[in-house]
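Undergrad: Please take these sequences and the hints and turn them into a complete structure.
Take the sequence shown: its position 58, counted from the start at 1, is 58 in the working numbering, and no numbers get skipped.
Any given hint might turn out to be false.
[Unchecked claim] Pairs of lysine-lysine, DSS-like flavour, derived with a Cα cap of 30 Å:
#, residue 1, residue 2
1, K112, K55
2, K74, K189
3, K158, K112
4, K112, K15
5, K189, K112
6, K112, K74
7, K189, K158
8, K15, K55
Keep in mind that the hints were calculated from the coordinates and are not lab data.
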Amino acid sequence: MPQDFFPLATLDIPKLRELLAALYGQNDPSERWDQALRVTRVALGFIESEQAETKDVDIDTVAGLALVFLVRHKILPTLRMRASVEAYFVSQGWTAVRSRQLMQGLERLLDKPSSIEEKLVADAEAWTRLGVLGFARTSVTSGALGQQLETIAEQLHKNIHRRMFTRVAQSRSIALREELRDMLSRLRKVFDDEGALGA
Numbered sequence: 001m002p003q004d005f006f007p008l009a010t011l012d013i014p015k016l017r018e019l020l021a022a023l024y025g026q027n028d029p030s031e032r033w034d035q036a037l038r039v040t041r042v043a044l045g046f047i048e049s050e051q052a053e054t055k056d057v058d059i060d061t062v063a064g065l066a067l068v069f070l071v072r073h074k075i076l077p078t079l080r081m082r083a084s085v086e087a088y089f090v091s092q093g094w095t096a097v098r099s100r101q102l103m104q105g106l107e108r109l110l111d112k113p114s115s116i117e118e119k120l121v122a123d124a125e126a127w128t129r130l131g132v133l134g135f136a137r138t139s140v141t142s143g144a145l146g147q148q149l150e151t152i153a154e155q156l157h158k159n160i161h162r163r164m165f166t167r168v169a170q171s172r173s174i175a176l177r178e179e180l181r182d183m184l185s186r187l188r189k190v191f192d193d194e195g196a197l198g199a
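TA: What follows is the structure, encoded as structure tokens:
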């Protein structure tokens, strides 16, 4: 059960999944509920209680942001859906103000996270685009969109250079950046040799 993945979070995760199921079902395969769980796991995994940067993080806010993040573009512009999501968090014991603040945090992601909770989620999303899994995720997304190999290579290059906002994510992403950089280099070489991809 997803609830068991995040024992420190008090949110009713199955209830949130039920609320968002239709929206996640419309996403491409690389951005469905399982990816939301992955981003949440990574974001919570960045929390280190002994580090000043993350010791006072609100775990439920991190989980809430991460679990809703991949469908935010369908929620934020729609008053009815936005109200439903805010109502869910109020049902979990949040104040209306706190619920609205989460919506505001979703509006700032990915490029302008403000709180440490937002930064952890932004970093987790970027982190899942690195390494072998990041390569696979980009390939699935690009393939679903029918993109050319040049476009895929450009996206992989962008993923390598995505900004990390927290020190813990910066440190943990070094090896994965190198792994993805090596895979991109080999991909370019294969297609350069075949004349299918520019330098």
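Undergrad: Each hint needs a verdict: does it hold in this structure or not?
TA: How the hints compare with the structure:
1. K112 / K55: holds, 22 Å
2. K74 / K189: Outside the cut-off at roughly 39 Å; violated.
3. K158 / K112: holds, 17 Å
4. K112 / K15: holds, 29 Å
5. K189 / K112: violated, 35 Å
6. K112 / K74: holds, 19 Å
7. K189 / K158: Judged against 30 Å, a Cα distance of about 18 Å means the pair holds.
8. K15 / K55: Satisfied, since the Cα-Cα distance of roughly 28 Å is no more than 30 Å.
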